[in-house]
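Here is what each chain is made of, one letter per residue.
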Amino acid sequence: MKIIIDSDLCRDCQACTLACSLFHHGECSLELARLRVVKDLAKDSLVINLCRQCDYPDCIAACPNEAIRLDELGQVILFEGECLQCGACAEACRYHAIFYNEKLGKYLKCDLCRGRAEGPACVELCPVGALTLAAEEV
Amino acid sequence: MAHGWVGKILFVDLSSGESKLRDTLPYAHSYLGGRGLAARLAWEEIPPRIEAFDPENRIIIATGPLTGTLSPTGGRTIMTAISPRTYPYAWYTHSTLGGWFGPELKYAGFDALVISGRAGTPVYLEIQDGKVRLVNAAGYIADVPSASDLWGLDTYQTQLRLKERLDPKAQVLAIGPAGENRVRFATVQHAEENAAGHSGFGAVWGSKNLKAIAVRGTGSVSVAQPEALLDEVSRYGVFKTVPVGGALEGSGAHKRRPICSQACTFNCLVSSYEQTADGRLVPGQCVGSYLMAIRQNQNQMEATHYKGGGVEVPAGRSFGLCEEVTLKESCDRLGLDLWHRLVMQPWLVACTQRGITELRGHPIAPSDVFWYAGFQEQLAHRQGLGALLADDLRRAMDELEGELPTDLIDLGRRMEFGFGFPAHREGRFWDEEPLPFWVISAMMYASESRDPAIGTHQSVLILADLVLEDRELARKQFRTVSKKTWGYAEALEPTFEDKAPVAIWSQNMHMLIDSLPLCDFAFPQVVRPFKDRQDWQNSEDITGDLEIDRRLLKAVTGIDYSREELTHISERAFFLERALLARAGRSRELEETLAPHFQLPCRADGTLIDEDGFSRLLDEYYTARGWDLERGWPQSGQLKELGLEDVALELEKLHNLNKEELA
Chain C
1 MKIIIDSDLC RDCQACTLAC SLFHHGECSL ELARLRVVKD LAKDSLVINL
51 CRQCDYPDCI AACPNEAIRL DELGQVILFE GECLQCGACA EACRYHAIFY
101 NEKLGKYLKC DLCRGRAEGP ACVELCPVGA LTLAAEEV
Chain Y
1 MAHGWVGKIL FVDLSSGESK LRDTLPYAHS YLGGRGLAAR LAWEEIPPRI
51 EAFDPENRII IATGPLTGTL SPTGGRTIMT AISPRTYPYA WYTHSTLGGW
101 FGPELKYAGF DALVISGRAG TPVYLEIQDG KVRLVNAAGY IADVPSASDL
151 WGLDTYQTQL RLKERLDPKA QVLAIGPAGE NRVRFATVQH AEENAAGHSG
201 FGAVWGSKNL KAIAVRGTGS VSVAQPEALL DEVSRYGVFK TVPVGGALEG
251 SGAHKRRPIC SQACTFNCLV SSYEQTADGR LVPGQCVGSY LMAIRQNQNQ
301 MEATHYKGGG VEVPAGRSFG LCEEVTLKES CDRLGLDLWH RLVMQPWLVA
351 CTQRGITELR GHPIAPSDVF WYAGFQEQLA HRQGLGALLA DDLRRAMDEL
401 EGELPTDLID LGRRMEFGFG FPAHREGRFW DEEPLPFWVI SAMMYASESR
451 DPAIGTHQSV LILADLVLED RELARKQFRT VSKKTWGYAE ALEPTFEDKA
501 PVAIWSQNMH MLIDSLPLCD FAFPQVVRPF KDRQDWQNSE DITGDLEIDR
551 RLLKAVTGID YSREELTHIS ERAFFLERAL LARAGRSREL EETLAPHFQL
601 PCRADGTLID EDGFSRLLDE YYTARGWDLE RGWPQSGQLK ELGLEDVALE
651 LEKLHNLNKE ELA
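Going down the list, the sequences are from chains C and Y. Sequential numbering of the first sequence, starting at 1, is according to my numbering. Sequential numbering of the second sequence, starting at 1, is according to my numbering.
Among the hints, erroneous ones may be present.
Here are a few chain C residues that sit away from chain Y, every Cβ distance over 12 Å (derived from the structure) [what the hints assert, rightly or not]:
#1 Met1
#2 Leu9
#3 Arg11
#4 Asp12
#5 Ala15
#6 Leu30
#7 Leu32
#8 Gln53
#9 Pro57
#10 Ala61
#11 Ala62
#12 Arg69
#13 Gly81
#14 Cys86
#15 Gly87
#16 Tyr95
No more than 27 Å apart at the CA atoms, straight line, and that leaves these computed lysine-lysine pairs for DSS-like [as the list claims (entries may be wrong)]:
#17 Y/Lys483 to Y/Lys240
#18 C/Lys39 to Y/Lys131
#19 Y/Lys531 to Y/Lys240
#20 Y/Lys531 to Y/Lys653
#21 Y/Lys240 to Y/Lys8
#22 Y/Lys554 to Y/Lys8
#23 Y/Lys640 to Y/Lys484
#24 Y/Lys240 to C/Lys2
#25 Y/Lys476 to Y/Lys531
#26 Y/Lys169 to C/Lys103
#27 Y/Lys240 to Y/Lys484
#28 Y/Lys8 to Y/Lys169
#29 C/Lys43 to Y/Lys163
#30 C/Lys103 to Y/Lys163
#31 Y/Lys659 to Y/Lys640
#32 C/Lys2 to C/Lys106
#33 Y/Lys163 to Y/Lys131
#34 C/Lys39 to C/Lys106
#35 Y/Lys169 to C/Lys106
#36 C/Lys2 to C/Lys39
#37 Y/Lys484 to C/Lys39
#38 C/Lys103 to Y/Lys659
#39 Y/Lys476 to C/Lys43
#40 Y/Lys163 to Y/Lys20
By construction, these hints were calculated from the structure, which means they are not laboratory data. Being a predicted model, the structure only gives us computed values, none of them experimental. All C-beta atoms in this analysis are idealised placements derived from N, C-alpha and C, irrespective of residue type, glycine included.
In isolation and in its complexed conformation, chain C is listed as follows (with noise of 0.2 Å):
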């Protein structure tokens, strides 16, 4: 499974953070998210970093502890028991889409919303369809 990302689509309403941090947090916060939506007033224009499920990821390989890795389904998830809080795989992202958060002083990266039967949160709730979700190769 892989979300696609097109933020010109994408209108800054957060519903996507929002639900992400409340599926796994049961807050609503941008900083909790694993993902972000960061608007440039200047110019108008929207970032969303969120991890694209690399074909080839930067952060499995950046990992020394090997907490990052591909679970039963192929899909690039990091296994927060088994993490040192290094940062090696923030560093190794290109796509700036892992996170830390001081208040919880850990390392935070999509998950997909694995065990969430409706799929990942943000993709659902996103009005616009600035996120969707692959179709899943054969």
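Position chain Y against the provided structure of chain C, taking the given hints into account.
Chain Y alone, transformed into the frame defined by chain C:
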């Protein structure tokens, strides 16, 4: 820890530079938040009978339990203060604005802000995760040499500079030159075009030497039932069309539209991106329907033309789409209420029609786009003609009395008939509100602190549009809506009788919507969204889902308020606002002065009401509210029953004082 509220109210005194905190929760159960909470804080903090520019005036900025959560449109913020715009004297009123400021304020740890005093020099307030400081905005010395000065900058430049200085993710409220120069319809702006617009609060900021508030928060809002909230929003909120501003156009084109506030997941047809004269795309939300009409080659300003009852308001002049967008953007940057145009341009046209080509030596050419653009600048800077009209049209008429023909002065006064606010959804000068909708509007105008219709887009007022489409069909459908919503099928029959329950319901619901807060275009959902015109035409029952607000509040706070409890809370806040008006001197005597406006025939159907009829409307309304008929004030017993003993005592004292003065 509570869910929904973050727990603290921040008080900042600009005179001393000191700040203090108060807990939110003791207020939360009685007032929820937003407009209700602000009314209570105003009652406690603002001294009676002060002027808007008195340092003792407070700027209250309040969020509610839904702000900062996933609740659709919950990103709104409420601002209140004693207003410089209300006429004939200053009283407490409110404005609401969308955007991202309220959520950020909560993430920084505050449910509300109360600002008092006056800074010695221009300052801005900086809030970062619970830390607060005042920064000199006139001569800021920073390691960025270009960032030397904020005072004088437009609202847009101010925001960019503060974001650059503090954090790109900071959210900023700012005033422009209009606020600095205390223009009585100056706005407080946020992002491209969100504004606390109508009540002139920008001028209150200017009087306090407060240029901006920048807030950055990394915290969160705790939610009691995360799953329930996710379910509610995914079921109800995702890209559902908001059934106003083109209710029958279905979902409209699936195109990129700007939104007004964080967490708005709706498809709101009144918003669109439009091009400025220099080719930039900018959002056009609140005035979207206005721009939409121009896009369809309609001269929307022609809609100001009104003739009846011996009064004629001339048509204004639209300048073409990109020129209009540019003028609108200029208002946002200068910090001017866009609505000034709807009264000032037609009035100035009336002057030119009488052969008057200059006022006090200043040439007027209101149908010339370049002249009008310059006029907006002059208003914001109080220069030239702007110096005369910056106190708004109504006050300018007092100033010009004797210099101009009486009928022009009379026209100017009529155009801001509603205590200094432009006409809006009153069935005559702006918007076609057929009977019974203008009757409901009239009751609301008379009993509230400001143009009430701007906060009630999705309640009964929007139903007027359906009447204008197909009177018979709408009337049939309204019987079901009325029975379900107000308990009697005749609530929206085109008569003058028994409309007070609808007016009161609408006021109470909007107090609630402004306190949670949610957007009044989308809530309360009196009418459900339609797929298209056919969907509307083939429906027996068009009633919307009136319980969404309650379900959202329950999911966020975990508290299962009943509808009766919520109505009780809204009434408490509304009565408190009424008490604030009473304390400022408002009473029936002043409210009767609105009668002449409703003696003019309704634009849609020619209906009107004479002076006695208007008085009967007030009787009906005050009686339904349980207020006394002489002054239209809440009764002591009612206030005590609402838990407002202190308010009851003060009003009693005031009443006795008035009686003594009369004796």
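For each hint, the structure was consulted:
1. No Cβ of chain Y approaches the Cβ of methionine 1 of chain C within 12 Å, the least distance being about 18 Å, so the stated non-interface status holds.
2. For leucine 9 of chain C, the non-interface assignment is contradicted: its Cβ lies about 6 Å from the closest Cβ of chain Y, within the 12 Å cut-off.
3. For arginine 11 of chain C, the shortest C-beta to C-beta distance to chain Y comes to about 5 Å, within the 12 Å cut-off, and the non-interface label is violated.
4. With a closest Cβ-Cβ approach of about 7 Å to chain Y, aspartate 12 of chain C is found to fall inside the 12 Å limit, against its non-interface label.
5. Under the 12 Å C-beta cut-off, the non-interface status given to alanine 15 of chain C relative to chain Y is violated; the minimum distance is some 5 Å.
6. Not every CB of chain Y is more than 12 Å from the CB of leucine 30 of chain C (nearest about 7 Å), against its label as outside the interface.
7. Remark: the non-interface label on leucine 32 of chain C conflicts with the geometry, its nearest Cβ contact in chain Y lying 6 Å away (cut-off 12 Å).
8. For glutamine 53 of chain C, the requirement that its beta carbon stay farther than 12 Å from each beta carbon of chain Y is met, with the minimum near 22 Å.
9. No beta-carbon of chain Y comes within 12 Å of the beta-carbon of proline 57 of chain C; the shortest separation is about 27 Å.
10. In this structure alanine 61 of chain C is separated from chain Y by more than 12 Å, as the shortest Cβ-Cβ distance comes to about 30 Å.
11. A cut-off of 12 Å between C-beta atoms confirms that alanine 62 of chain C is not in contact with chain Y; the least separation is 25 Å.
12. At roughly 28 Å, the least C-beta separation between arginine 69 of chain C and chain Y is larger than 12 Å, which holds for a residue marked as non-interface.
13. With a minimum CB-CB distance of about 22 Å to chain Y, glycine 81 of chain C clears the 12 Å threshold, and the non-interface call stands.
14. In this structure cysteine 86 of chain C is separated from chain Y by more than 12 Å, as the shortest Cβ-Cβ distance comes to about 22 Å.
15. Non-interface call for glycine 87 of chain C relative to chain Y: holds, since the shortest CB-CB distance, roughly 18 Å, exceeds 12 Å.
16. Its beta-carbon lying about 18 Å from the closest one in chain Y, tyrosine 95 of chain C satisfies the requirement of being farther than 12 Å from that chain.
17. With a CA separation close to 25 Å, the supplied pair lysine 483 of chain Y and lysine 240 of chain Y stays within the 27 Å bound.
18. Distance restraint check for lysine 39 of chain C and lysine 131 of chain Y: the Cα-Cα separation of roughly 24 Å lies within the 27 Å cut-off, and the hinted pair is therefore satisfied.
19. Between lysine 531 of chain Y and lysine 240 of chain Y, the direct Cα distance comes to roughly 10 Å. Compliance with the 27 Å bound is thereby established for this hinted pair.
20. With a C-alpha separation of about 56 Å, the suggested pairing of lysine 531 of chain Y with lysine 653 of chain Y is violated against the 27 Å cut-off.
21. Straight-line distance between C-alpha atoms of lysine 240 of chain Y and lysine 8 of chain Y comes to about 34 Å, which puts the hinted pair past the 27 Å bound.
22. The hinted pair formed by lysine 554 of chain Y and lysine 8 of chain Y meets the criterion: a straight-line CA distance of about 21 Å does not exceed 27 Å.
23. Restraint check for lysine 640 of chain Y and lysine 484 of chain Y: the C-alpha separation of about 31 Å exceeds 27 Å, so the hint is violated.
24. Annotation: proposed proximity of lysine 240 of chain Y to lysine 2 of chain C holds, straight-line Cα distance about 26 Å (limit 27 Å).
25. Between the alpha carbons of lysine 476 of chain Y and lysine 531 of chain Y the distance comes to roughly 20 Å, so the proposed pair stays at or under 27 Å and holds.
26. For a cut-off of 27 Å, the pair hint linking lysine 169 of chain Y to lysine 103 of chain C stands: about 18 Å separates their Cα positions.
27. Taking the CA atoms of lysine 240 of chain Y and lysine 484 of chain Y, the gap is about 23 Å. The hint holds against a cut of 27 Å.
28. Our distance criterion of 27 Å between C-alpha atoms is met by lysine 8 of chain Y and lysine 169 of chain Y, whose separation comes to about 22 Å.
29. For the hint pairing lysine 43 of chain C with lysine 163 of chain Y, the CA-to-CA distance comes to about 13 Å; that is within 27 Å, so the pair holds.
30. For the hint linking lysine 103 of chain C to lysine 163 of chain Y, the alpha-carbon distance of about 23 Å falls within 27 Å, and the restraint holds.
31. Taking the CA atoms of lysine 659 of chain Y and lysine 640 of chain Y, the gap is near 22 Å; set against the 27 Å cutoff, the hint holds.
32. A distance of roughly 24 Å separates the Cα atoms of lysine 2 of chain C and lysine 106 of chain C; the hinted pair therefore holds under the 27 Å criterion.
33. Note on lysine 163 of chain Y and lysine 131 of chain Y: the hinted pairing holds, with a Cα-Cα distance of about 17 Å set against a maximum of 27 Å.
34. The straight-line distance between the Cα atoms of lysine 39 of chain C and lysine 106 of chain C is roughly 25 Å, inside the 27 Å bound, and the hint therefore holds.
35. Distance restraint check for lysine 169 of chain Y and lysine 106 of chain C: the Cα-Cα separation of roughly 21 Å lies within the 27 Å cut-off, and the hinted pair is therefore satisfied.
36. In summary, the hint linking lysine 2 of chain C to lysine 39 of chain C is supported, as the alpha carbons are separated by about 23 Å, within the 27 Å threshold.
37. Pair hint lysine 484 of chain Y plus lysine 39 of chain C does not hold up; C-alpha atoms about 43 Å apart against a cutoff of 27 Å.
38. With a C-alpha separation of about 60 Å, the suggested pair lysine 103 of chain C and lysine 659 of chain Y falls outside the 27 Å cut-off, and the hint is violated.
39. With a C-alpha separation of about 50 Å, the suggested pair lysine 476 of chain Y and lysine 43 of chain C falls outside the 27 Å cut-off, and the hint is violated.
40. Restraint check for lysine 163 of chain Y and lysine 20 of chain Y: the C-alpha separation of about 25 Å stays at or below 27 Å, so the hint holds.
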